[in-house]
Amino acid sequence: MIRSALITGLACLLLAGCGESAPPQRTPPATAAAPAPPAAPWFVDATTESNINFNWTSGQFGDYLLPEIIGGGVALLDVDGDNDLDIYLVQGGEIESALDSSRTNPASNRLYRNDGDWHFQDITEESGAGNTGYGQGVATGDYDNDGDLDLYVTNVGPNALLRNDGNGRFTDVTTASGTAHPGWGTSAAFLDTDRDGDLDLYITNYISWSPETELDCSLMTTGRDYCSPRNYDAPARDVLYENLGNGRFSDVTAKAGIDTSMGNGLGIACVDFDDDGWTDIFIANDGTRDLLWHNQRDGSFKDIGLLAGCALDDEGRPKAGMGVTVSDIDDDGDMDLLVCNLTGESDSLFRNEGTYFVDITASSDLRTTTKPFTRFGMAWLDFNNDGYLDLYEANGRVLRSPVPEGVDPYAQQNMLMRGSSQGVFSEVLPRGGVVDPISLTSRAAAFGDLDNDGAMDIIVVNRDAPITLLRNIAPDAGHWILLQVLDEHGRDAIGAVVSARIGSRTLSRPLLTNYSYLAANDPRIHLGLGANKSVDTVTIRWVDGTAETFGPLAADRQHVLQRGSGH
Amino acid sequence: MACLIMAPGMGWTGCDLPDQSTAQAPMPAPEPTVPWSSFNSRVQAVLQAGLGAVSAAPDDPTVRLRLAQLYHGNGLPRQAIETYQQSLDMEPGNSRAWYGLALLLTQEGRIDEAIDAHLQVSRNAPDYAPAIWHRGYLLLDLGRHADAELAFRATMDVEPTSPAARVGLARTALSDGRPGDAVPHLESLRAVVSNSYLDFLLGQAYRRQGRIEEAALLLANVKGDPPQFEDPWHQVILDAGASTQSRIDRIDRLIDAGNLRDAMTETRSAIEDEPENLVLLNRLSHLQAALGQQKACIRTLKRALRIDEAYAPTHLSLSYQYQASDDRSRARAHAQRATELNPNMAQAHMQLGILRVQEQDLPQAIESFDTAFALGIQDTAARHQYAHALTRTGRFPDALKQYQLVLALNRNDGRSWAGLADVYLLQNNLAAARDAVQRGLARAPDSHHLQTMAQVVQERIQSEMNTGTQP
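Heads up: the protein sequence lines correspond to chains A and B, in order. Residue numbers for the first sequence follow the working numbering, beginning at 1 and rising by one. Residue numbers for the second sequence follow the working numbering, beginning at 1 and rising by one.
Bound-form chain A, shown alone (with noise of 0.2 Å):
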């Protein structure tokens, strides 16, 4: 049944005023100067050459279903054991095939195989990874520790672990594991709550939703569109799996507190934000207020982001959190968070305090910049390798623009800011570091190293268009160093925090591969280092509270660094 939606007095649901407007252009500055010369492109698009041909299938056909509108996922992961980056990308379809046992969805999700080159196979059918539900995001761990990674896809219904054996092939094992969360997942992740040595998972859901319960929602200007989450009042509580060690997981999200507080849950990310030595975990909720799960260290965890100063802006108000990153732009070691929002609402960036958090998006130049757009998938890296953090955001509306600029009224430009020793992003142009561009419904975007340069690229799932591969060509980049930070088990230490020192500045990193909006990401660190040819230490704080040094290393080549190996 489709029922109208009766908005009552809620500011910002689907109001003119509240609503998506144009981004602005940028005006050239007024002075007499000759015009400067067009800026050297960051990126360079390399869609066509990689031989991926993907769409994100929203399945849209009139009736405006919600899930339409926020997926789909992506995971960069070596799922071979070739040492390099291949990408999965998971599929919408149809909701209602899906969602219906006696049909099935004619999508599947996708995996290929990184051949070099820029070049890709689509590996799906032999990789046995081809998960058929409506897909959302997708997060990596290795949580059998046998050193390779496996993947956690999110979908709207039941969602599915599919175990890598090593070699680019996947087991479904989501029965096995008690992992079949049926709830509408969006971004998860694996971590380790309770210093165990093996990787627990967080499921992020949206709201509760079915077709049956689904909107008719009209705006003045341009009709019938998608509903904004806050019209169904409906927000989802999220998941906590404890890992048993035995490939098997327990739901305890009721013992562990996690069903204290809940909202509309789109973006995740897990580090340790006190230094307590414990992973927290933030949640990014879409129009309810944004979640610190602090780790009480007995299994439990307690909602502290109101106190800590990261449940809503300064103005006291509840944005549509999207996209989640963290990293430490400060260099005071702490790790600092930038979640974004909806069009109106600009980022939101959280200097780290030791215990709580202080707002200053403003103050970095944030608050304007980003406003104009509706963002999700987002990181803190150095994209330049000039030694300070840049941010990427992949943008596009959830609502019709009244004036299309194209054929997709919800498509919006990408955009890319410069970070600088200030601790001020300037954005960079032409909008996004390329020269034409990217102009669609953006969704999830995936950063990682794909060709092993020591310059990140990215990934960015589109809705029903294809996806865009960014090759990056950043001009007059610094040295780098990537460090892949393996634990006793040879598996990717998620959870770890390096810090790195370089000179006079100490550059602390998280190792988490899911973070950004629906997404997985490269697990190894990646350094800009600026005109520094080596790194002198690096100290790596393990999971479990212990520390060990390497160093020194040398610039512009990858370094393993493995828990015992180092002094």
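Keep in mind the hints are simulated off the structure, nothing from the lab. Errors might be hidden in some of the hints.
Computed footprint of chain A on chain B, listed as stretches where at least three residues anywhere in the stretch have a Cβ under 8 Å from a Cβ of chain A [as the list claims (entries may be wrong)]:
1. 166-176
2. 193-206
3. 220-226
4. 255-263
5. 443-453
For each residue, glycine too, the CB sits at the ideal point set by N, CA and C.
Given chain A, put chain B in place with the hints provided.
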């Protein structure tokens, strides 16, 4: 196109500042592209009337300003900007046109231009405080803290008690890492205004000062409500809205202002246009109840149920009405149905909890209250009920916490002081009970609850003394 577009931070480009003393040439009637089919008939009629007025008086800047406001209030920002600009070309000193333009430029993300437009307002109408504090908030958004602070102080020159300016000053101080400077503004505002956003800001300030317990108590009650400051010129624009949502907003504003008769008139008029709109029917029932028309109220709600039985707010409204007429059975049935239809409807769980308290079903009541508060209920009276149920079921620490949460917001709440004393008595902590009563009476000497509790505590102490036990 008029010469109104400014490059960010560069001032006017392509033309000089408008000469406010020079008469402008008549403008042609505007022919903006309006997506007529997207609007309901009422919005179409309002806009066409505005266009007709401009056609009839194309040289009248006031008529053109009104059309701009109609576009603005009805969700047509581009058309509104164009028409504001035409109005300003005719009358460059019209501060209301500058103001509307400033609001729209802000909405469009053209912040530097919006700041300049607000400056134009202040040049022409220097006493209109919202133009100054709006500019302050935009400067704050740009990270220009010193300029923002100047704007907020300038606001207070015009309106010394301006809450918007004082909040702005507090936010500037917080942004500058000066929580100690923010606290006096916020504490003094909280002394006269109860507002969740003030609690949020003060909680943040306390947290940054290391006053964690005080911060936690304040932040536990925070809702995600951004502040709303008085802005009459913006109100005129909002009132120009003719869509259903605009009308519902206007009804709500009238209700908030206590103007129930006008709210009723507006509601009935809206229902004539949309007889099956459940939100409007629920507003009508609310007004009927407030005006003592209880039978009519229930009839309205039953009509709403016939239209859509699965609309949870109607069931909750019916539950309230049956409760008011002491029909607890029906009241509970409808509250229960509301929670079934929408398990996340906090008010429905709260209502169910209150009804269960009345039926002395305290364990079930607490279950409902637990859900309601987990979903974000903030109401003081509800917290009293919750605390009472916790007390009666022996969950003393939880009850104390609930009373303390209320007192963190209002130290003069006699019922909570009495509640604290009650819990302490049940814990046989007579000294604490006496202390709570004394502290409460110092703040709320007229509280009936507290006076009664003072007597109970005194009798208990006397009894203990008689048996030889000193409190």
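Here is what the structure says about each hint:
| no. | hint | verdict |
| --- | --- | --- |
| 1 | 166-176 | holds (count 3) |
| 2 | 193-206 | holds (count 6) |
| 3 | 220-226 | holds (count 5) |
| 4 | 255-263 | violated (count 0) |
| 5 | 443-453 | violated (count 0) |
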